[in-house]
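Colleague: Listed below, chain by chain, are the residues.
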Amino acid sequence: MNQLRRLQRLVLGEAGPAPALVLVGVTLVIAVIVTVGPRALAAADTRATRQAVARAFALDTAVQVTAYLQARPAGGVLSAPAIDVLGERFGAALPRSALFPAPQRWAGVILPSRMVLLATPPPQGRPQLMEAAYRSRLASHCDVVAGSLPTGSVLIRPAAAGRPATFTFPVALTPGAATIFRVRVGSILDLGQVGSGAPRVLFKVAGIVRPRRPASGFWQNDPELSAPLLEGPSVSPHWLGAAFVGPGELRALAAAYNRELERVTWFFPLSSRLAAADVARIETGVTALASGPVVRKSEVASGDSFLTNTAISTGLAAGLATFETQWQRTAGADSVLIVGLFAAGVALLLICCGLAARAYRPELALLRVRGGSLGQLARRTFARSCCIAAPALAAGCLLAIAVTPGGNVPVVLISLTALVALTATPVICVLEHRKLASQSNSARADTGVDAVRRRGSARRLVGELAVLLAAAAVLADLRLRGGPQAGAGSAGTTGPYLSASAVLVAAAVALPVSRVYRGPLKLLASAASIRRGAVGAIGLARAAAMRAGSVLPALTLMLGLTLTVFSAMVLTTVSTGQLAGSWERVGADAAISVSGTSSVSAGALHAIERTAGVRHVAAVYVGSSSGGPSATLGDGRLNRPVSIAIVDPRPYAALAADTPWPTFPVRSLARSASGSSHVVPVLVSPGISAQIAQAGRHRGLSLAEYGQSIRVRIAGTITRTPVMPAGGDYVLLPAWATSILTTVPSSSEALVTGPHLNMDALRATSARVLPGSRILFRRQVLAGLNASPALRLSESLYVAGAVAAALVSALAVLFSLAMSARSRASMLTRLGALGMARPQTVLLGVTEAVPLLVVATVGTGVCVWLLAVIVGPVLGLNTFTGTLEPAALAPTWLDLVVPLAGAAVLSVAFLVIDGVLAARRKLAVALRQEETV
Amino acid sequence: MTGIDDLIADRTRAARASGPGEPGSAPMIVCDRLVRIFSAAGIETQALQGLDLVLQPGELTALVGASGSGKSTLLNILAGLDLPTGGRAVVDGHDLLSMNVKERLAYRRSTVGFLWQQTSRNLLGHLTAAENVQLPMELAKLPRRPRKQRADELLELLGLADSADRLVPELSGGQQQRAAIAVALANKPGVLLADEPTGELDTETADEVFDALRTANEQTGVTVLIVTHDAMVTEHVNRTVAIRDGRISTEVLRRTATDEQGMRVQHAQEYAVLDRAGRLQLPGDFIDALDLKDRVKLELEPDHIGVWPGHQAGEDS
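Each protein sequence line maps, in turn, to chains A and B. Residue numbers for the first sequence follow this note's numbering, beginning at 4 and rising by one. Residue numbers for the second sequence follow this note's numbering, beginning at 30 and rising by one.
It is worth saying that the hints were derived from the structure and are not from the lab. For every residue, glycine included, the Cβ atom is placed at its ideal position computed from N, Cα and C. Where hints are given, some of them may not hold.
[Claimed, not checked] What follows is a list of derived Cβ distance ranges for each label pair:
# : chain 1 : residue 1 : chain 2 : residue 2 : range
1 : A       : 824       : B       : 181       : 39 to 45 Å
2 : B       : 70        : A       : 393       : 42 to 48 Å
3 : A       : 394       : B       : 181       : 34 to 40 Å
4 : B       : 174       : A       : 393       : 26 to 32 Å
5 : B       : 202       : A       : 394       : 34 to 40 Å
[Unchecked claim] Sample of chain B residues with no beta-carbon within 12 Å of chain A, all distances over it, derived:
# : residue
6 : 78
7 : 145
8 : 191
9 : 329
Based on the sequences and whatever the hints tell you, model everything.
Modeller: The following block contains the structure:
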């Protein structure tokens, strides 16, 4: 126990427990942040990947092995058990095979389709073809509706005179197939003979089975298995369906089909329990497997009936392409946050270590007087730091690991944090005392300068300028690389420049702001000194005279606040961008598109208008269903491809007023007073307007589409409009102009607005009055944009990051004020001794917050603006917003004001409490303590 | 020979004739025209203006002077905490002006011990008395056993054997200063410098501390220089040096003699100090008594020099 107490005394030292406790607390917090960040990101990546896999098309997330089976005449066929054995072999060779659960795997064989011979002509003259399919585990993928699964044996009637042999196979069909082929349990389907001498193939319906989970790969791999497909040319399509055979029928099938080429499939669905890193491993592993020995061995093992063209593939890359792109985009913003938080945490640690070094100064000064070398000082403080910071670091890391299960331990970040936590205090102590020693040693210089040496300021200025220039160069390079000049591939990259952008911006701003903020304060102090009252004059004069701590607290505070605002900015930008994106995709609250040669009639329009929740509706014509150019605009010598849109100006203007886009200029498209319609006023997109202006050809323009031409006059420019929400090069005509066309294009879309649209009612109305139409709701588009797994999980990371950054900012405020606590207390003691009243001393203490808040407000504002300008285009957030143009990062007033207000409230509260406590101390005691110090 | 060597030779001869120290030994401290100028905000202050001082080994000397006279500056220079602007200072053979940082460190570790007025500056409060005494030896990389032994010896010498394992706050003011003396003596320095060691103490405790200093001086032979305002201290040292305006102005030498009745009587004689340039400072009360100002007349007599006011009453000024 004595030894423990002795150790405690040695560790805490002359300064007592306060510096140690602060160091422990800050190290713990920073260790947690540094460890949680990357792990949370990895965990979010895994969760997002799992969600993306779960949402992806089943075929895209599985591994599929296909081969063609050629049954030899003399040999046997590949039996169901042999197929299963081969499946197990493939499964064992798969990378991360545990992620392809065995119970979900299946194998199948499909024989070529055969025409079903019908007694009567098929309905609508559409022939019916049927495939024979075998699937393992059919029972677990369907429900028997009638009859049973095809487990019976094949009925073979040998050939007789003039009659071929007959093979009757018990089969199962789905309800869709049963309906199309007009069969029920017991029905017989005649597939005829494959060739002369081949037996006649009959399928006897043994059961009707309903697909279970139709979206699964089991049914999607060959869609005709779940329901017949109408295939072939549109003039003479045919039905293609399939019938299921049992495992014992494969040999007979091979014989009946005269050993035609069969397609064998082994399907390995991917479990959603994978980790994010598994995706790349699986893709790489499958690629290697495809060219590896497994394929060759399987083809050999297939025996007499040999496999050919065995191919192993996965659609994982394609299926998760959108997710991967989105995740890369979020990784950019995430890296800014994580690196920024790490840098802020390290800076905070340095401040804390500086405070500790200051607390140890008297003790170390005594050691120096007694002859202690700098090395001995360093070893002593290093041992002390190890005893204090190392356990806190370990505890913080363990706590973070416990809170965020999964993911690797960020060894590099933790090591760097440990390096700072353990070595910063001894290094600062050594540097301080070395400086004192060199000052003492050089006191006999010719200049005779002593004590306070100001020679270091030039070095510091040069150093700051170097940092400023380096940061500016890196940021400029980042901006140029992410700008329009750069390739598309550079947007959303996570290079080191992007990751460090917040730190660089904060450094580039903190250095000059810390130097120049005093000028305005001096002016204010001069103005305040004219007035009566001491608090303002003294407070502002002191604020103007003192530095806002060293640059480090200002930098840490600015960085913390900037990261807080950055997180909010990203969320706000994505949110508003998604809203804009939903408008950009739909053009209105709902868009109803008719199919084929249908059009939106006046009656249909009227019915839609009467539907619950509809405020405005307008029928429009869009020249090309794909949105591409369908017309030309020019003067005959120079024609430009354009898209055409035709709208009825008045109802369209009313609808456009419900959208966020500019007011539609109805009058610009009005018919001339004379009633002449020979020259039609049109509105054009800005691109077309600029081209026309550049070419200088404003007269004699004509618009031609599908062989028709009308003369037009450009009446104005319109940027975005509901009928062309995605923009582009287009010409917008008034509907009255169609009267001069020989072929009048009919409205192809109905645009609907209404803040409380009843989607079900509108769907029903649309189906009734516009059969075959497609309806797209903006609300659904918005929900789809918002449901991106990458974005959903990143949002929680940004919120957590904002909280962590706010915590770092709060600590930076407190430490910055704590660093000036002694001089503040000394000033207040002296003023109290001179007769200043207590409330005045408290108020005076509060003015200490002025330099800090000035630096924080101005600095953070500039940092946020720079970050938005430089990093915004590089992040590529339009992946989430669905907008065509890059989403511009922009903070709202709330994003900026709330963190700054928080910093202000915290600093004022701290200073008020500090001032009240200081005012309560007896003056005599305070003055005496200062003498001792 | 250089001027300083002449001085040392002179002083050595003088030391042979009187005072403590081994016969013929070199002086422990020699300051020759020591100058220290401080500059701050463009203003120069001459704290020491060509100070000469010689201390013999084993002397117990008090240094007195008004605030701002240069006492602490001199002490800081002799302790190796500050560098003079000009002149020369040699302590126990170490030329303080020619040492580099490493040598200065070793000097502070092993050649001088320092004692401040405030006990909080002398000791580390989180250590025990014994640990504080061992600290300088730790810095000198002495092994553990000799360290402990030496610490025990010093604490025993200064009457703190029973308090060795007590933390500093648990010691009385006097005990703390005695512990500080032990710390200063830990590495067997040749010189012990004390800056007003009894300034914060009551009379009884001050006596206790001074007795400890004297014990240290007598038992270990360390040369002690005490800066003090305490009259009790000045009365109990053999030599009191007064510093005024950055120079040594007067010295009071005390000796004890036996009178005709066999009583031991202490005699104190004040001397004005003559520097190498022949300058001396007249005591302030003498100057005031004769209203000496501007210039004085000197007259050489066979056995003294007379100093008369520069102008008499009735003479033209």
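Colleague: Take the hints in turn and mark each one as holding or not.
Modeller: Hints versus structure:
| no. | hint | in the structure |
| --- | --- | --- |
| 1 | A:824 <-> B:181: 39 to 45 Å | holds (42 Å) |
| 2 | B:70 <-> A:393: 42 to 48 Å | holds (45 Å) |
| 3 | A:394 <-> B:181: 34 to 40 Å | holds (35 Å) |
| 4 | B:174 <-> A:393: 26 to 32 Å | holds (31 Å) |
| 5 | B:202 <-> A:394: 34 to 40 Å | holds (38 Å) |
| 6 | 78 | holds (14 Å) |
| 7 | 145 | violated (9 Å) |
| 8 | 191 | holds (18 Å) |
| 9 | 329 | holds (40 Å) |
Hint 7 from the earlier list is the only one contradicted by this structure; the remaining hints agree with it.
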